[in-house]
Amino acid sequence: MAEQDCPICGQANPEKSETCQKCGANLYWAEIEPGEVISPLANKSPQEQDEARILPGIEDSLPAVPAAFTEPSAPVHPYRLMVSETQKNYVALLEKMTHPDQIQPADLQAAAVRKPRYLLLVWGILLVGILSFSLFWDELQVGIPPIPAEVLAVNRSISKIPAGAPVLVAVDFQPAYTAEMEMASEAVIDQLVAQGTNLVFMSTIPTGFWQAEHLIQKIKADRDLVESAPVNPNYYNLGFISGGALGLANFVNEPYQFIEAQLPTESSASTAGQSASLGNVTSINDFSVIFVLTEDPDTARDWLEQVQPHLRRTPLMMILSAQAEPMVRPYLEMQPAKIQGMLVGIAGGVQYESLSNQVQTARENWTASVLGNILGGLVLGVALTAFLVFQRWNPPAAPAAKEKKP
Amino acid sequence: MTQADWIGAILGLCLTLGVFSYLLGDNRVFRLVIHIFIGVTAAYVLAGSWYSVIFPQLVQPFLSGQDFWNPLALAGIVFTVMLFSKLFPRTSWFGVPVMGLLVGVGAATAIGGAVIGTVFSQVAASIRLFDFLKINTWNAQVWVALVDASLILVGTLVTLFYFQFYIRKQPGSQGSVTGWMKTLRLVGQGFIAVTLGAIFAGVYSAAVAALVGRLATFKEFFTLLFHP
Amino acid sequence: MKQVWRTIAVILAISAGILVLLGYFFDLSAWGLDSVRQVILRWALILAAVALWVGAGNLVRVHWRKMVSRQDGGGYSLVTLASLALTLVVIVVSGPNGKMSQWVFNHVQIPVETSLLALLAIVLIYASIRVMRRRLNPFAIALFLTVIILLLGATNWMGMEASKFSMLREWILAVPVTAGARGVLLGIALGTIATGVRILVGFERPYEE
Amino acid sequence: MSFIELNRVGIAGLLFVLAFAAGFLSLLGSGKKLSRDRLRTIPAFSRLEKALYQATEGGKCIHISPGRGGLFNLPGAATLAGLRFLKGIYLSAGLSDRPPIVSSGEPFVDILSTEAVEEIQRAHDARHIPGEPASQLTGLTPFSFAGGALSAVAGQDVTANVFAGHFGSEIGLMIDAADPSGAQVFASSENFAAQAVLSATVEDPILGEELFSAGAYLQGEPDVLASMLIEDIARWSLALVILGGIVLRYLGVI
Chain W
6 MAEQDCPICG QANPEKSETC QKCGANLYWA EIEPGEVISP LANKSPQEQD EARILPGIED
66 SLPAVPAAFT EPSAPVHPYR LMVSETQKNY VALLEKMTHP DQIQPADLQA AAVRKPRYLL
126 LVWGILLVGI LSFSLFWDEL QVGIPPIPAE VLAVNRSISK IPAGAPVLVA VDFQPAYTAE
186 MEMASEAVID QLVAQGTNLV FMSTIPTGFW QAEHLIQKIK ADRDLVESAP VNPNYYNLGF
246 ISGGALGLAN FVNEPYQFIE AQLPTESSAS TAGQSASLGN VTSINDFSVI FVLTEDPDTA
306 RDWLEQVQPH LRRTPLMMIL SAQAEPMVRP YLEMQPAKIQ GMLVGIAGGV QYESLSNQVQ
366 TARENWTASV LGNILGGLVL GVALTAFLVF QRWNPPAAPA AKEKKP
Chain Y
88 MTQADWIGAI LGLCLTLGVF SYLLGDNRVF RLVIHIFIGV TAAYVLAGSW YSVIFPQLVQ
148 PFLSGQDFWN PLALAGIVFT VMLFSKLFPR TSWFGVPVMG LLVGVGAATA IGGAVIGTVF
208 SQVAASIRLF DFLKINTWNA QVWVALVDAS LILVGTLVTL FYFQFYIRKQ PGSQGSVTGW
268 MKTLRLVGQG FIAVTLGAIF AGVYSAAVAA LVGRLATFKE FFTLLFHP
Chain R
-1 MKQVWRTIAV ILAISAGILV LLGYFFDLSA WGLDSVRQVI LRWALILAAV ALWVGAGNLV
59 RVHWRKMVSR QDGGGYSLVT LASLALTLVV IVVSGPNGKM SQWVFNHVQI PVETSLLALL
119 AIVLIYASIR VMRRRLNPFA IALFLTVIIL LLGATNWMGM EASKFSMLRE WILAVPVTAG
179 ARGVLLGIAL GTIATGVRIL VGFERPYEE
Chain P
249 MSFIELNRVG IAGLLFVLAF AAGFLSLLGS GKKLSRDRLR TIPAFSRLEK ALYQATEGGK
309 CIHISPGRGG LFNLPGAATL AGLRFLKGIY LSAGLSDRPP IVSSGEPFVD ILSTEAVEEI
369 QRAHDARHIP GEPASQLTGL TPFSFAGGAL SAVAGQDVTA NVFAGHFGSE IGLMIDAADP
429 SGAQVFASSE NFAAQAVLSA TVEDPILGEE LFSAGAYLQG EPDVLASMLI EDIARWSLAL
489 VILGGIVLRY LGVI
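Protein chains in written order, with our numbering: chain W, 6 to 411; chain Y, 88 to 315; chain R, -1 to 207; chain P, 249 to 502.
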């Protein structure tokens, strides 16, 4: 006659007995056999079961999405035992967690090891090496790109500005983009300085004040280098307008209020640079031209949404980083155009320098910049081709065929 | 170059090499340079905001007595104190009204900018793409422009539909889109990939320009060093 | 008291928000509300600048605590606090447009920040290759093909006539990029309006304690 | 000024916002049960849920950054969306013995992140290491923010990084810093430069408008689910307006 062991004290009892003869425990629990409980993962393929676990490869680990969050299909409950599979797994895991050396799942172990990155170092040395080589080898020259209409428009507008007329220059780029933005804008600002215009600098970035001073210093230094006629730029540095687009909206409504707040008074140590005659600037339209120097498409859009609608005669020109061009170009090609002239990156600087023939900063670095772009394109092209060919020969394992739901 | 310029150039080059040491892995030199940089930028941001905004527009009107009894300026001072109370957990509750005001104004500028600046201007630009008056001139260039305009219109709409969230669920489908909506989203995804690819090329070009600028500074320094 | 303060915050958020929003659609000077709106916007501008000082206060407090409690990286915190204090002293002593202020900006801020962006040129290509290895679906292929065309089409190579790449580059920027950007922008605008509406109807209150 | 003279764009704008708000409130008030099962699958959110459970079970932690968008305009809306990400993740992973690390790059973002985390810690009795700040402001400019956050991204115990909010191209440095330690990366932004970088360097990028849907996918929150349905309706309405406008232009009406 088959016997059944008491789950509490292990005493052997006759099959039919309800309670244990030794400790009196209810033998009802003994009837359940392990594995008889139907688990929510039962009807899935072994690979799907493994993927559904939190810690793939660990048999007893929890299903990735606990029962409370699974699809609201009919919940599967054990028929007799009131402990669900999930709770049983929790118990098993808690026991394992009290012995940490047993639980070292593969993917958590991987997080502790730091992989050295030789490929990154090799690519860095290659790129820096080629760019340095092209900078030092002056004979290597790449042709100047054809001059687009928007660059010619900038030159036309500047040549019409009378001496002493106020020109607003928004220095809205982060210090990280100093190299690119100064190569793009130096020829334009140098021409404005040479024509004796009143430059009014401002910025919606806190470090904009010192960025504008750096740009002016660079123009003076480059003029001294080429021993051309030294010119003392007549400029006024308003500094930082806070609040981004809000600040612009406020500046457009009352430019004179912001300018007065920045005027040098006896007691103030405000950011007044050299003073320029700004008495006649009461509205945004009193500026002859507005230049916006920025690398951020959002900043360019702030100027187009907050300032451009208020302009009547004053042209709005943008000198952009290469990363902002795709988002701002549509505003140039709109009918009617919201921007009247545009320079983009070092290419824009090179194009403008070929018109004004004064500054050559962008031209000196143009070849290296083009080589850097082409090298990046080639490396990506080779990598893409290699991985496509590799994928063609070793197609990723097709996912297991879906079992038909009962 | 003056002596200060020489010292500055050498300091700049050392800091540049410190940043590029990141290629060897996250190391102490790189962290040291970054932490110097964080302190210096914070100082310039504080100085820029003080000299350009806080002093001329908040402090100076009070010192000169001009705004001493102006209730609106006084409210500005109270809000400033409320904002500083956010610095400490114990007094943080005192700053809740000013954060409420700023979040409300922020939400309004977001909606206003989105409706007028983006939705209306982009919809108007999409409509204005088609200049039918010129069509009867049978000029080849006009037809090319019309084909381009149609491509832009289709691209705009399929990109917009790519982001459709609610779908008519097929039994047994794991939330994947099926039928004509799937084709629409695939084309939309193509346009998004081309757009983001173009911007990524611009980001890389800007980064290469910065690298060229740094290397040009190296060249200038060594040229002056060996050929004064 | 805190509950009253919270109610004031909700009222301020909704009323100021609606007033500023109406200013986008109508000229409020007819109802005399334009000046109130201008005052609210000026408060927001000044508080945006004041917030930079609150942020710096948080920065200093985090680094001070790390330094004092000798946590991992406490030495670096000392470096940050020292460079912050030293730079502030230089700017205050020599004045914002003084030589020393500009010297530190020219020889510390610009070199480090430009180098970090230059580092990005190297890191972006490496990270892109890593993604190609792990996931090469149609989206990634279209994206990288566009990047390759635009980088190779940056100009005519070695004086050659404008290469086919640069004509293709101009068309890509003019048509598919304009379409894709417009579609994504409209989607973001809808998400922005939804987020803003939840704030203005008082359903979402991130400012509450 | 009579009502009619008010400019037409203003009226259209106000009607658009009012329609949006009315749709949202009526949907919420109607008690209609919206469930996230009717949403299309976004692979990144499914992978993010798994990463949250793995971190919680493995005693590791998550690094979240709501960015540097401030409060105003589109970047401000991205900040509010980033805070929904933060709440959704903190509710799931905040109960583990290593609470998530939160970093930000703008003072208002830092203040609102601190309040969101402290509110969850109080409401759900989540674990809080005394003296440890709820959120850290790592830098006041974009690249100093990225530089300061690198140590959190590459942290020893960090198995997943979530960047959700307004970023610029500096997000490329933060994404790359997660590579050596093998940590997973989930990224989303409304800024196009950041979207371009994260779509080329992250396996499952969360693009454009999907940034604003975190509350629905992670927590199934009814207000976000309702907003998303209204967005879908507005999407088709805009398409009809564009097509209708072109037809009217063809007929010479506009």
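Hints listed in this document are in silico derivations from the structure and should not be mistaken for laboratory results. A virtual CB, placed ideally from N, CA and C, is assigned to each residue, including glycine. Among the clues, some could well be false.
[Unchecked claim] Part of the chain Y face toward chain R, derived, beta carbon under 10 Å: (1) Ile97; (2) Gly112; (3) Asn114; (4) Gly135; (5) Ser151; (6) Gly152; (7) Gly199; (8) Val229; (9) Trp230; (10) Leu233; (11) Gly266; (12) Lys306; (13) Phe309; (14) Leu311; (15) Phe313.
Does the closest beta carbon of chain R sit nearer than 10 Å to the beta carbon of glycine 266 of chain Y?
18 Å, violated
So, tryptophan 230 of chain Y near chain R? Judge it on the closest CB pair being under 10 Å.
Check failed: Cβ of tryptophan 230 of chain Y comes no nearer than 15 Å to chain R, outside 10 Å.
message: Hint validation: leucine 233 of chain Y versus chain R, beta carbon distance must be below 10 Å. Holds or violated?
response: With a minimum Cβ separation of about 12 Å from chain R (threshold 10 Å), the hint on leucine 233 of chain Y is violated.
*Taking the closest Cβ pair, is serine 151 of chain Y under 10 Å from chain R?*
With a minimum Cβ separation of about 17 Å from chain R (threshold 10 Å), the hint on serine 151 of chain Y is violated.
### Message
A closest beta-carbon separation below 10 Å is what the hint needs, so does asparagine 114 of chain Y meet it against chain R?
### Response
Since chain R brings no Cβ nearer than about 12 Å to asparagine 114 of chain Y, farther than 10 Å, the hint is violated.
Holds or violated: the hint that lysine 306 of chain Y contacts chain R, with Cβ atoms closer than 10 Å. This interface hint is violated because 14 Å lies over the 10 Å limit.
- Item | Interface hint outcome for phenylalanine 313 of chain Y [beta carbon to chain R under 10 Å] | 21 Å, violated
For the hint on glycine 199 of chain Y, just tell me whether its beta-carbon gets within less than 10 Å of chain R.
-> 3 Å, holds
Min Cβ distance, phenylalanine 309 of chain Y to chain R: is it shorter than 10 Å? 16 Å, violated
- request: Would you settle whether the hint for valine 229 of chain Y is holds or violated, based on the nearest Cβ-Cβ distance to chain R being less than 10 Å?
  value: 16 Å, violated
Was the hint right that glycine 152 of chain Y lines chain R, CB cutoff 10 Å? 19 Å, violated
Interface restraint verdict for glycine 135 of chain Y against chain R (beta-carbon cut-off 10 Å):
8 Å, holds
Violated hints, listed in ascending order, are 2, 3, 5, 6, 8, 9, 10, 11, 12, 13, 14, 15; each of the other numbered hints is respected by the structure.
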